[in-house]
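Novice: Sequences are here, hints too, so could you generate the full structure?
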Amino acid sequence: METEIAVRKLSALAHEGRLAVFRALVKAGPGGVAAGDIARKLKTAANTMSAQLLMLSNAGLIRARREGRSIIYAVDFEQMSSLLLFLTQDCCGGRAEICAPLAAVATSCCPPKRKQRA
51 METEIAVRKL SALAHEGRLA VFRALVKAGP GGVAAGDIAR KLKTAANTMS
101 AQLLMLSNAG LIRARREGRS IIYAVDFEQM SSLLLFLTQD CCGGRAEICA
151 PLAAVATSCC PPKRKQRA
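Position 8 of the sequence shown, counting from 1, maps to 58 under my numbering, and the rest follow consecutively.
Rather than coming from a laboratory, the hints here were simulated on the basis of the structure.
All values derive from a computational prediction rather than experimental measurement.
There could be a bad hint or two in this list.
[Stated by the list, open to error] In silico EDC-like cross-links for lysine to aspartate or glutamate, where the CA-CA straight-line distance does not exceed 20 Å:
| hint | residue 1 | residue 2 |
| --- | --- | --- |
| 1 | Lys77 | Asp87 |
| 2 | Lys59 | Glu117 |
| 3 | Lys77 | Glu66 |
| 4 | Lys77 | Asp126 |
Specialist: Written as structure tokens, this is what we have:
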């Protein structure tokens with residue numbers, strides 16, 4: 051990832067409202083969530099939500115798709131991973147033990163679901 055692209059993505063996240071929207075979308079997973087549902091959950095006006103979603107979309111962090119009358123937004127997890135890789139690719143000066151907590155974060159993102167007993 052080029053530095054200019056990373057700066058654009060980080061700039062989009064450098065706002066409390068947009069960061070809250072992004073985190074809500076991360077929590078929703080790849081299926082995404084309707085814009086109106088995000089606005090209600092975060093208690094944000096529709097026009098403000100539209101502006102926040104537009105900024106995140108223009109930065110390449112989220113994608114939108116139409117389902118009936120709703121627009122569903124979801125994180126572009128490939129882009130999120132690329133940004134995290136860009137931030138950590140030269141991490142720790144060869145000292146792997148410093149980066150060990152990052153591995154734990156990566157594996158905690160989507161832990162395997164436990165099988166439910168019948």
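Novice: Now, for every hint given, state plainly whether the structure supports it.
Specialist: Going through the hints against the structure:
{"no.": "1", "hint": "Lys77 to Asp87", "result": "holds, 13 Å"}
{"no.": "2", "hint": "Lys59 to Glu117", "result": "violated, 26 Å"}
{"no.": "3", "hint": "Lys77 to Glu66", "result": "holds, 16 Å"}
{"no.": "4", "hint": "Lys77 to Asp126", "result": "holds, 13 Å"}
The earlier numbered hint that this structure contradicts is number 2, and it is the only one.
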